[in-house]
Amino acid sequence: MELVRGLNEKGQFKTLPDGVKLYTLFNNKVPQAGFDVTDLRKLGAAMRDLQASNVSAMAGYTYLGQFLAHDLSRLRIKGHNKTVKSFTTDILRSDVSSVLDLSSVYEGAVAGSLMRKTGSAFMALGDAHVSDGPDLAGYDLPRNGLRACVGDDRNDENLIVSQLHVQFLKLHNFFVREISHDHPGLGTDSLFESAREQVILHYQEVILYDFLYEILHPAVWKAIILENEHILWDPDSTEPAVLPIEYTAAAGRFGHAMVQNNYNLNAVTSVSVSELFEMTGEGGFGGKYLRMPASHLIDWRLFFDFPDQSTRGLPSRNKALRISPRVRVNLTNTQSLAVPEETNLATRNLLRGLQMRLSSGQAAVNYLLNNFETRLRELEIPVRLLDRDQLNLNKPDYSRHVLDRCNPALSNQTPLWYYVLAEACVETIEGIGKLGPLGSLLVAESVRGLLQLDRNSMRYKTRRQDIAPSKQIPGYLERKFLQMSDLILAANSGVSDPTTFITRQ
Numbered sequence: 006m007e008l009v010r011g012l013n014e015k016g017q018f019k020t021l022p023d024g025v026k027l028y029t030l031f032n033n034k035v036p037q038a039g040f041d042v043t044d045l046r047k048l049g050a051a052m053r054d055l056q057a058s059n060v061s062a063m064a065g066y067t068y069l070g071q072f073l074a075h076d077l078s079r080l081r082i083k084g085h086n087k088t089v090k091s092f093t094t095d096i097l098r099s100d101v102s103s104v105l106d107l108s109s110v111y112e113g114a115v116a117g118s119l120m121r122k123t124g125s126a127f128m129a130l131g132d133a134h135v136s137d138g139p140d141l142a143g144y145d146l147p148r149n150g151l152r153a154c155v156g157d158d159r160n161d162e163n164l165i166v167s168q169l170h171v172q173f174l175k176l177h178n179f180f181v182r183e184i185s186h187d188h189p190g191l192g193t194d195s196l197f198e199s200a201r202e203q204v205i206l207h208y209q210e211v212i213l214y215d216f217l218y219e220i221l222h223p224a225v226w227k228a229i230i231l232e233n234e235h236i237l238w239d240p241d242s243t244e245p246a247v248l249p250i251e252y253t254a255a256a257g258r259f260g261h262a263m264v265q266n267n268y269n270l271n272a273v274t275s276v277s278v279s280e281l282f283e284m285t286g287e288g289g290f291g292g293k294y295l296r297m298p299a300s301h302l303i304d305w306r307l308f309f310d311f312p313d314q315s316t317r318g319l320p321s322r323n324k325a326l327r328i329s330p331r332v333r334v335n336l337t338n339t340q341s342l343a344v345p346e347e348t349n350l351a352t353r354n355l356l357r358g359l360q361m362r363l364s365s366g367q368a369a370v371n372y373l374l375n376n377f378e379t380r381l382r383e384l385e386i387p388v389r390l391l392d393r394d395q396l397n398l399n400k401p402d403y404s405r406h407v408l409d410r411c412n413p414a415l416s417n418q419t420p421l422w423y424y425v426l427a428e429a430c431v432e433t434i435e436g437i438g439k440l441g442p443l444g445s446l447l448v449a450e451s452v453r454g455l456l457q458l459d460r461n462s463m464r465y466k467t468r469r470q471d472i473a474p475s476k477q478i479p480g481y482l483e484r485k486f487l488q489m490s491d492l493i494l495a496a497n498s499g500v501s502d503p504t505t506f507i508t509r510q
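Position one of the sequence shown corresponds to residue 6 (my numbering), numbered consecutively onward.
Source of the hints: derived by calculation from the structure; they are not laboratory data.
Here the structure is a predicted model, which is why all the values come from computation and not from measurement.
Heads up, the beta-carbon is just placed ideally off N, CA and C, and yes, glycines get one too.
Among these hints, one or two may not hold up.
Derived CB-CB ranges, DEER-like [claimed, not checked]:
#, residue 1, residue 2, range
1, Asn-412, Gln-314, 45 to 55 Å
2, Ser-242, Asp-394, 40 to 50 Å
3, Arg-393, Gly-150, 21 to 31 Å
4, Asn-59, Glu-202, 38 to 48 Å
5, Glu-232, Glu-202, 23 to 33 Å
6, Pro-387, Pro-189, 21 to 31 Å
7, Leu-151, Ala-57, 50 to 60 Å
8, Lys-34, Ser-242, 22 to 32 Å
9, Ser-498, Leu-151, 23 to 33 Å
10, Pro-312, Arg-182, 18 to 28 Å
11, Thr-123, Gly-190, 16 to 26 Å
12, Arg-393, Val-60, 20 to 30 Å
13, Asn-59, Pro-189, 46 to 56 Å
Pairs of lysine-lysine residues, derived as BS3-like cross-links and limited to a Cα-Cα distance of at most 30 Å, are as follows [said to hold, decoys possible]:
#, residue 1, residue 2
14, Lys-324, Lys-34
15, Lys-293, Lys-34
16, Lys-227, Lys-47
17, Lys-466, Lys-485
18, Lys-293, Lys-122
19, Lys-324, Lys-227
20, Lys-485, Lys-324
21, Lys-293, Lys-324
Build the full structure now, drawing on both the sequences and the hints.
Structure representation (structure tokens):
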């Protein structure tokens with residue numbers, strides 16, 4: 006990564022042994038944590054065995070968070086040592102822009118590409134396979150064989166993210182139709198860019214005021230997102246848009262704890278987590294199809310709240326697990342990742358934190374309390390140190406021994422990612438059920454900072470009318486904030502259920 010002149014003086018970059026520099030929200034005086042790899046592997050295994058927490062937000066937010074993560078960053082690491090103990094990087098770079106610009110949707114979507122409809126401003130869509138009739142046009146990603154023609158192939162690694170991507174393609178086409186109706190003389194390229202701008206602005210609004218509202222501690226969301234305050238990061242225009250490592254390697258990975266074992270996709274089909282990865286192009290559609298089978302299309306009423314849409318006759322709606330240290334996800338295709346032999350996602354995340362030279366949770370909290378206690382009090386953000394018992398919870402038969410089983414020292418110096426999840430679990434006990442103050446602050450400051458660095462972001466749109474009003478969203482101009490369900494309604498011409506035809510199969 007290239008550094009902007011003077012940025013090092015702020016102490017905001019950590020340098021790995023091979024000279025690669027990573028952006029941190031904390032001053033470099035905060036010590037990096039050192040852990041034994043064996044202890045981290047033990048902890049990752051223990052996190053699989055923890056008791057699942059009660060359900061909280063709608064499950065759609067789990068995968069909207071994954072979609073956001075793909076949009077923000079893709080770190081590829083080569084030259085690793087498989088023991089991880091002596092890990093250094095030969096190459097560490099972000100393959101996408103660290104701004105909320107829907108690069109996963111629009112990267113490579115130039116005229117003439119398979120991502121665009123020929124000679125038009127519309128994004129291409131694929132057809133869903135119907136077993137006893139004609140295929141259903143416009144319900145899958147565009148494909149060349151099994152391969153999805155998208156800006157980021159990770160968006161075709163699981164079925165829910167893949168179908169979310171389809172919704173953004175359809176939303177783009179919705180804005181093409183709406184803008185061309187209002188401006189019939191607009192050329193193809195200008196029309197495409199105008200629609201793209203509106204999709205990005207609407208997406209940013211949903212991330213700030215719907216997704217983060219559901220995820221963040223209320224005091225942090227109010228101060229950092231709603232009121233645009235800051236504590237750790239207030240970037241100026243000379244800084245590069247680099248996503249802080251506290252987000253990429255720790256706090257931004259909260260969604261891994263929200264994954265359920267099974268999901269109801271629609272009125273007739275439910276799948277396990279493993280089937281989510283099989284029923285995509287990357288998973289070969291289970292070896293049965295060449296494109297998305299219509300039987301597996303998502304009825305979004307089961308994943309997001311649609312206040313005016315009936316769910317009568319549907320199976321139970323999908324809720325996310327509350328954020329906690331319980332993470333029970335195994336990965337299958339890991340060869341392109343930094344530790345290809347490690348399939349336990351909890352272990353992978355802990356090792357990634359070690360590789361990125363993250364501080365411990367306690368060091369992060371102490372830094373905040375020692376340097377920003379007055380500011381935290383002004384903003385009513387209740388950051389505090391977790392005690393030993395709060396870090397060792399969530400399993401009845403050894404609820405106070407999770408870290409002790411691995412190494413008692415982990416209770417005094419805890420991996421930042423685990424600490425953030427444990428903090429969220431404590432907040433659940435206290436009735437909040439979202440990320441705790443530290444985790445929320447790391448996420449909120451990262452997203453706010455990146456939007457501030459993007460002069461085209463909605464942070465610089467001062468009037469509601471600067472984001473083109475949508476005729477398909479009732480009371481749009483009077484609405485304070487949009488939700489993801491609003492975008493899905495617009496993308497589907499007011500119909501949140503694209504799967505009514507399934508009942509005849």
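Structure-based check of each hint:
For the hinted restraint 45 to 55 Å between Asn-412 and Gln-314, the CB-CB distance of approximately 50 Å keeps it satisfied. Separated by about 46 Å at the C-beta atoms, Ser-242 and Asp-394 satisfy the suggested range of 40 to 50 Å. A beta carbon spacing of about 54 Å between Arg-393 and Gly-150 contradicts the range 21 to 31 Å that was offered as a hint. Distance hint for Asn-59 and Glu-202: a CB-CB separation of about 40 Å, consistent with the stated range 38 to 48 Å.
The hint said 23 to 33 Å for the Cβ distance between Glu-232 and Glu-202, and at roughly 26 Å that hint holds. Separation of Pro-387 from Pro-189 is about 55 Å and departs from the stated range, judged on CB atoms against 21 to 31 Å. Our hint of 50 to 60 Å for Leu-151 and Ala-57 is violated, since their Cβ atoms are close to 33 Å apart. In this structure the hint that Lys-34 and Ser-242 lie 22 to 32 Å apart at CB holds, the actual value being about 26 Å.
Here the CB-CB span from Ser-498 to Leu-151 is close to 29 Å, well matched to the stated 23 to 33 Å. Between Pro-312 and Arg-182 the beta carbon distance is about 25 Å. The supplied range of 18 to 28 Å therefore holds. For the pair Thr-123 and Gly-190, the beta carbons lie near 21 Å from each other, so the given range of 16 to 26 Å is met. Take Arg-393 and Val-60: their Cβ atoms lie about 28 Å apart, and the range 20 to 30 Å holds.
Separation of Asn-59 from Pro-189 is about 53 Å and conforms to the stated range, judged on CB atoms against 46 to 56 Å. This hinted pair does not check out: Lys-324 and Lys-34 have alpha carbons roughly 41 Å apart, beyond 30 Å. Of the pairs offered as hints, the one joining Lys-293 and Lys-34 is violated, with about 55 Å between alpha carbons and a cut-off of 30 Å exceeded. For the hint linking Lys-227 to Lys-47, the alpha-carbon distance of about 38 Å lies beyond 30 Å, and the restraint is violated.
As the CA atoms of Lys-466 and Lys-485 are separated by approximately 14 Å, the hinted pair is consistent with the 30 Å bound. At roughly 27 Å between alpha-carbon atoms, Lys-293 and Lys-122 fall within 30 Å of each other, so this suggested pair holds. For the given pair, Lys-324 sits about 24 Å from Lys-227 by alpha-carbon distance, which is consistent with the 30 Å threshold. Restraint check: the Cα-Cα separation between Lys-485 and Lys-324 comes to about 25 Å, which is no more than 30 Å; the hinted pair holds.
Straight-line distance between C-alpha atoms of Lys-293 and Lys-324 comes to about 29 Å, which keeps the hinted pair within the 30 Å bound.
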